[in-house]
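Between the sequences and the hints, there should be enough to build the whole structure, so can you do that?
Protein sequence lines, in the order shown, are assigned to chains A and B. If you're matching positions, the first sequence starts at 1 in this note's numbering and goes up one per residue. If you're matching positions, the second sequence starts at 1 in this note's numbering and goes up one per residue.
A hint or two may mislead.
No more than 20 Å apart at the CA atoms, straight line, and that leaves these computed lysine-lysine pairs for PhoX-like [claimed, not checked]:
1. B:K337 / B:K388
2. A:K44 / B:K570
3. A:K143 / A:K203
4. A:K249 / A:K205
5. A:K205 / A:K374
6. B:K337 / A:K83
7. B:K397 / B:K361
8. A:K205 / A:K377
9. A:K227 / A:K203
10. B:K275 / B:K125
11. A:K44 / B:K564
12. B:K176 / B:K230
13. A:K44 / B:K592
14. B:K570 / A:K115
15. A:K227 / A:K377
16. B:K361 / B:K324
17. B:K592 / A:K38
18. B:K563 / A:K83
19. A:K376 / A:K223
20. A:K143 / A:K62
21. B:K379 / B:K340
22. B:K564 / A:K83
23. B:K337 / B:K397
24. B:K176 / B:K251
These are calculated hints, taken from the structure and not from any lab test.
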Amino acid sequence: MRATQAKRYAAEVKRKNKKLDQDTIKLITGTADETNRKILRRGKPDLQFPVRSLSNVSYSSKSGYLEIGRQKKVRTLTVSTVKTFAQMLRMMSLSKDLIENNDFATKRDAYYQSKNWGDAGFQEQTESDTVMDDIEAMFSMHKVSREQLRFVPDEHGGAVAGQLIVYDPDIETGAVERIDCTRFGSGAYSIPSSVEHLSFETKAKFVLAIETGGMFQRLQSHKFWQKANCILVSMGGVPTRATRRFIRKLSEEAKIPVYAFVDCDPYGISNIYRTLKVGSGNAAHINQFFCVPNARYLGVTPQDIRDYKLPTHPLKEVDIKRAKDAIKNDPFFQSHPAWSQALEQLLKMGVRAEQQALAKWGLNYVLEEYLPRKLKKTALFLP
Amino acid sequence: MGGKSKRKESSKSRAGSKSAKAPRAVSRSTRASKKVSTAKRSLRVVKGQSAQIELPLNAKERRKQSSLKLVSTEPKTTGTSKLAGRTADSPRVSAETLATKQREISVSEFFTRNRHLLGFDNPQKALLTTIKEAVDNSLDACEEAGILPDLEVTIETLAEDRFRIAVQDNGPGIVKAQIPKIFAKLLYGSKFHTLKQSRGQQGIGISAASMYGQLTTGKPVRIWSRTDKKSPAHYYEMHIDTRHNAPEVVKDEKLSSWHLDHGTRVEIELAGIYKRGRRSVDDYIEQTAIANPHATIRYTPPTGETTVYERATQEPPRETVAIKPHPHGVELGILIKMLKETDARSLKAALMGDFSRVSSKIADEIITKAGLQPESRPKDLSRVDVEKIFRAIPDVKIMAPPTNCLAPIGEEAIVSGLKKRIEADFYDASTRSPNVYRGNPFQVEVGVAYGGSLPAEEPAEVFRVANRVPLQYQAAACAITKAVMGTDWRNYGLQQSRGALPTGPLVLFVHIASVWVPFTSESKEAIAHYPEILRELRLGLQEVGRKLGAHIRRRKREAAETKKLAYIQKYIPQIGIALQDILALTDRQRDKTVNVLTDTLERSRKV
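Okay, here's the thing in structure tokens:
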């Protein structure tokens with residue numbers, strides 16, 4: 001029975017991926033075709049991008065993340081833009097090739113590919129990165145991410161363990177691999193740099209996103225996922241694109257919540273957790289793919305420091321500045337009074353505490369006492 | 001310091017003036033140096049000179065110094081006796097022993113020791129100075145005679161550090177009797193006593209060059225000269241008797257034939273060093289050709305290849321007239337001398353007759369202000385009286401001196417001169433109206449050459465020219481350099497660091513014409529920083545700067561246009577390739593897209 005189910009999943013994965021790729025190719029050819037027609041009508045074609053500045057970013061409580069606004073920038077094909085225009089079209093052509101050949105390229109790969117483009121080639125990678133960023137922004141308006149264009153980041157994602165089966169089609173043969181994340185022993189599954197082609201099967205109740213590798217290892221080694229019926233993901237600081245996208249896809253497809261377990265300091269709260277949940281202001285046009293609106297903040301909270309009498313360190317200058325800035329300027333914290341209060345409380349206490357501080361009460365206190373107790377009252381999690 | 005080129009007429013030039021002025025000056029000098037031994041005195045002059053170099057503005061002092069030097073050539077018996085009397089109190093040396101050591105020093109002797117004052121400080125410079133003095137004289141002579149100059153300049157290597165230079169002109173020639181004095185007596189010349197735009201001023205140059213040659217090689221200076229077809233040519237070989245500042249004729253021949261109908265040839269052997277590049281003789285000749293577009297110069301350097309700088313214009317420079325001194329520019333010493341020597345019988349007549357722009361009314365005004373009588377005999381005036389006149393003059397408004405004494409090169413001639421010598425894209429020039437500093441008329445001209453094969457990354461080259469003579473040394477001390485650096489060339493599209501020359505493919509040609517160019521030293525290498533001169537320089541530079549700026553802006557626009565066109569041709573095919581790849585177009589469809597797009601963009605560029 002498990003085999004048939006796996007086959008069914010594999011077929012589903014293939015179908016979905018094919019559809020996705022077809023849509024992306026259609027978008028590329030559509031853009032090219034529109035450009036070509038405009039040229040033949042003796043007009044000047046143009047390409048449109050969202051304006052990527054903070055003035056065009058707002059927090060939408062409805063969607064639950066930092067959204068790019070409606071301001072558009074139009075790049076018309078003129079004498080002075082003809083070079084970038086040519087390079088963008090050639091980059092789009094490269095993307096189409098990658099999709100058709102079921103391959104991918106990093107930014108560096110793309111830069112070297114351009115060396116075959118003659119006059120349109122890039123001198124420096126910064127130039128090709130800029131063009132790629134433009135294309136990413138352009139296609140983000142059509143809900144297509146850079147990973148779908150087969151341009152993948154260099155960095156890979158974090159580690160995963162727990163009640164999850166990942167279906168991963170082989171790039172060469174197309175045969176779908178079934179990966180059981182409970183069977184890595186004391187090791188873990190590593191998130192690939194692009195996760196678009198993956199599908200999931202799970203009966204877990206939630207995803208636990210953990211800031212540090214050390215804490216992840218403890219929970220994994222003691223099979224905490226078994227007891228709590230969950231999936232553990234290690235973020236390793238601010239989560240990478242791949243990690244964020246993986247968690248997002250997982251929580252969306254499996255329709256399960258994500259609980260963040262990070263240090264109680266302004267960096268853990270306003271950088272790691274905020275980025276995971278609502279995305280960043282600088283690259284707001286991609287937040288639609290990467291943020292995890294389902295995420296909630298398990299801990300460590302400022303109140304936990306009191307309740308569990310955790311050992312602390314004083315807040316640093318930069319921590320204080322970060323917290324004050326978040327309260328004053330960050331639309332996410334501003335729209336959640338609970339968060340503003342928590343940050344104020346932290347500032348008042350003037351201290352911070354790490355996840356590992358729980359080890360004061362015994363090394364396994366965290367999985368035996370702290371997490372079970374917290375998980376009984378999920379409604380109390382910070383938004 | 002050329003100076004003696006008024007050759008033909010020099011016989012009737014004011015031969016008497018020298019001796020007439022001498023006693024006066026002697027008394028001044030002795031007063032100034034009563035307690036000083038002769039050896040110390042020469043030291044004093046040197047010191048004065050060096051002080052001057054530090055303070056180039058102090059041109060007034062400089063003139064005084066030069067008059068001090070003049071003095072030492074003359075007999076000094078009275079001075080000596082006075083001096084002896086004074087030093088008698090000294091316990092160690094008796095006046096009598098001192099008196100045995102005290103004797104006249106001749107100018108020639110003085111300059112033997114102080115050759116650097118005249119531009120003979122080192123062998124390389126000596127070669128240049130020698131040629132320069134001879135060329136200056138030749139050009140002056142031709143101009144005064146209204147002849148378009150044909151010059152030949154040759155440098156012949158005799159040994160590694162020994163050269164024979166020859167400068168030959170087609171000028172009016174020199175009358176036989178004058179030849180020895182001109183080439184072998186210092187401070188003998190036609191120009192020192194007139195206010196007129198000429199290259200030479202003091203009558204030191206060519207004889208100093210002869211002396212330098214004699215000093216370093218022991219060889220006499222050789223002269224050929226002929227005044228016209230009907231007269232024979234003369235050939236002289238001469239030494240200078242440095243003790244008595246007098247020519248010593250070694251050979252004096254009448255030649256039955258000579259290849260020129262009229263003209264002069266000078267040959268001097270000297271120790272020197274020939275180098276190429278900046279401040280070389282090559283550079284000097286080239287710049288002389290630019291500054292004198294009416295002259296043809298055949299130049300043969302030691303390497304043996306003759307370069308002919310053909311004249312760029314057939315028009316000789318405007319004839320200039322000598323002017324009388326303007327009261328505002330006259331110094332007390334000169335005023336005293338002029339009133340002593342005047343032929344006028346009354347003070348008023350003297351003022352009106354010997355100065356420019358002094359009318360009857362102005363003369364009355366000066367005399368009244370000075371509290372003197374118009375009818376007093378000028379020769380009877382005391383020093384104190386003259387000083388009263390001197391103090392009264394600045395309070396009287398007097399019309400600026402006449403400017404027909406100036407002969408600018410002219411905008412067209414500067415441009416054609418630059419065009420002939422420098423490969424550039426853009427040439428222009430601007431001649432300012434005449435102006436006056438300290439009673440001396442002067443005029444500034446600026447020429448510019450830009451672009452072409454000139455080096456783009458180096459500081460601009462500045463050709464400094466005074467009365468058509470290129471200046472090679474002491475650029476940093478010169479008012480011209482200061483004015484160029486003080487002009488903001490960034491306004492005109494050039495690069496320039498603060499307080500430096502502009503950078504770019506640029507040659508600036510700056511000419512100052514004046515009846516008396518205020519050099520900072522006798523070697524005539526740098527122009528003093530008079531505010532009036534600096535101001536005119538600045539205005540002239542700004543004038544050509546504006547023209548240059550317009551040109552550079554136009555160039556930049558054109559370059560941008562060309563770049564855009566190249567852009568189109570380079571990248572539109574790339575758009576074609578990309579569209580073909582994505583849309584699977586045929587080659588024909590692709591080419592059509594490329595052609596239509598090229599057409600659209602080129603059309604939009606023109607609109």
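Check each numbered hint from earlier against the structure, then list the numbers of those it violates in ascending order. 3, 6, 23
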